[in-house]
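Trainee: Here is what each chain is made of, one letter per residue.
Protein chains: 2
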Amino acid sequence: MLSWVDGRPAQAASLTDRGLAYGDGLFETIGIKGGQPQLFDRHLARLAEGCQRLSIPADLALIRAELLAFAAEVGEGVAKLMLTRGDGLRGYAAPASATARRILLASPFPAYAAANAEQGVRLFPCATRLAEQPLLAGLKHLNRLEQVLARGEWRDSDHAEGLMLDVSGRVIEGVFSNLFIVRDGQLITPELDRCGVAGVMRAELLAQAKTLAIPLSIQPLSLEQLLAADEVFVCNSLYGVWPVTALQGHRWPVGPLTRKLQSIARDLLDC
Amino acid sequence: MLSWVDGRPAQAASLTDRGLAYGDGLFETIGIKGGQPQLFDRHLARLAEGCQRLSIPADLALIRAELLAFAAEVGEGVAKLMLTRGDGLRGYAAPASATARRILLASPFPAYAAANAEQGVRLFPCATRLAEQPLLAGLKHLNRLEQVLARGEWRDSDHAEGLMLDVSGRVIEGVFSNLFIVRDGQLITPELDRCGVAGVMRAELLAQAKTLAIPLSIQPLSLEQLLAADEVFVCNSLYGVWPVTALQGHRWPVGPLTRKLQSIARDLLDC
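If you read the protein sequences in the order shown, they are chains A and B.
For the first sequence, the numbering used here begins at 1 and goes up steadily by one.
For the second sequence, the numbering used here begins at 1 and goes up steadily by one.
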């Protein structure tokens, strides 16, 4: 498996890295096709926002160049970038001298069942709730124990994704996806100002919907609203769009707006 | 700097470790004196509880033996144990084959000013609030971005610790300490069922207070109660007890129960 640390091939990272010690860093999981990173500008924009909000000083031009070189070597697959605050010995205070560390890992494209995109998926109702932390909301940071706990709740292959609510019971997202509903022709996705990860495909679909003049709302979403939806789908930057057809006993049809956005996502990912 | 991975000297850990990827693990920071780990049984008990709550399968007898051997090599200083869920390639689901990884790092004892224990400390009022996540509350896990953000709020040496409230405004703890108040002869410490780290020294002082028949309450604590306290102190397993004498414009005296528990902590830490 190809992997680089700070631009050089490496299989291991320092034990004093603050990414390991505290999850003090960010990550991006980027599809690679024909040696090119997909949705590259959006991934870089989210990373830049994360660096700014967590005060991680990073050379974004260097990261861009390095990802392009890494993608060219990978060819087809997935590149995971972890950007940590670098080394520290002990204690939460970041050393004044800390330099962000760039870790790149290649892996094969995940082997999702074709049926997920074609027939749609069933969501597992996760009991793990997302805590509300506005300072971290939206970021793809390295503190992901909530997702680990949620993903540990089911092992069967009947559920391709899990539904996560926040501690107040609002619908937020999937474990590794964002969620949208369609109701009376309007596209609705939960606001992510208190928890959740603002996904790159979510941002892309919101931009596309705007371009297509599809009525759009980013708002708090209740479980009742989810159940009353005409269409439901989840998305991420690797698989694009999966229609959601079931949550426990509830069923949704696969609707036309879902198919339209799925087709747009497929074109974006060129798959 | 002495460091071991899975019982052998090493300076680096696998890039695919889930501790790095997701903060999927636990840690303990243990004082070492005369080659012996301090408050060892309490550290191991907390680790065992963390493993149980996060479903991390770990060989606790092996960890105990390894820590004893490591402490003997360290002699004097601090041993930090990070116990991660081991390797995984990508995705939140833990591989069925994942084996917990043991990482041990030695460092010198922190150079705290003697005045912290003698005259007491001033707390920095952290704006970073702790999110409420009952599934993780009390655990010393590797998702510590909130503490990183809080500790990044001040750089001056006038504040030896910071005060952290939860998102609802309740008083919870210091950034790297637990907090107690004394009011009308009663010892009070915040309950940690929704956030916070249940420290080893906190547990030890609670046990000692019970033995000494000191009236004791573990309860939600408001900022008003903190300000109205007769005495305030913070504690952890490395420095013992520091009296708290100031928070912004507010002052507290160093009281007799604080001194008594400080003396007990000093005996426990044999310093």
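Hints listed in this document are in silico derivations from the structure and should not be mistaken for laboratory results.
Keep in mind that this is a model prediction, so the values were computed, not measured.
For each residue, glycine too, the CB sits at the ideal point set by N, CA and C.
Careful: at least some of the hints might be erroneous.
Ranges between beta-carbon positions, derived for each pair [stated by the list, open to error]:
1) A:LEU216 with B:ALA65: 56 to 62 Å
2) B:LEU68 with A:GLN219: 53 to 59 Å
3) A:PRO125 with B:LEU68: 41 to 47 Å
Trainee: Please go over all the hints and tell whether each is borne out by the structure.
Mentor: So, going through the hints one by one against the coordinates:
Under the hint 56 to 62 Å, the C-beta atoms of A:LEU216 and B:ALA65, about 59 Å apart, fit the expected range. Checked against the given bound of 53 to 59 Å, the beta carbons of B:LEU68 and A:GLN219, roughly 56 Å apart, stay inside it. In this structure the hint that A:PRO125 and B:LEU68 lie 41 to 47 Å apart at CB holds, the actual value being about 45 Å.
Checked against the numbered hints given earlier, this structure breaks none of them.
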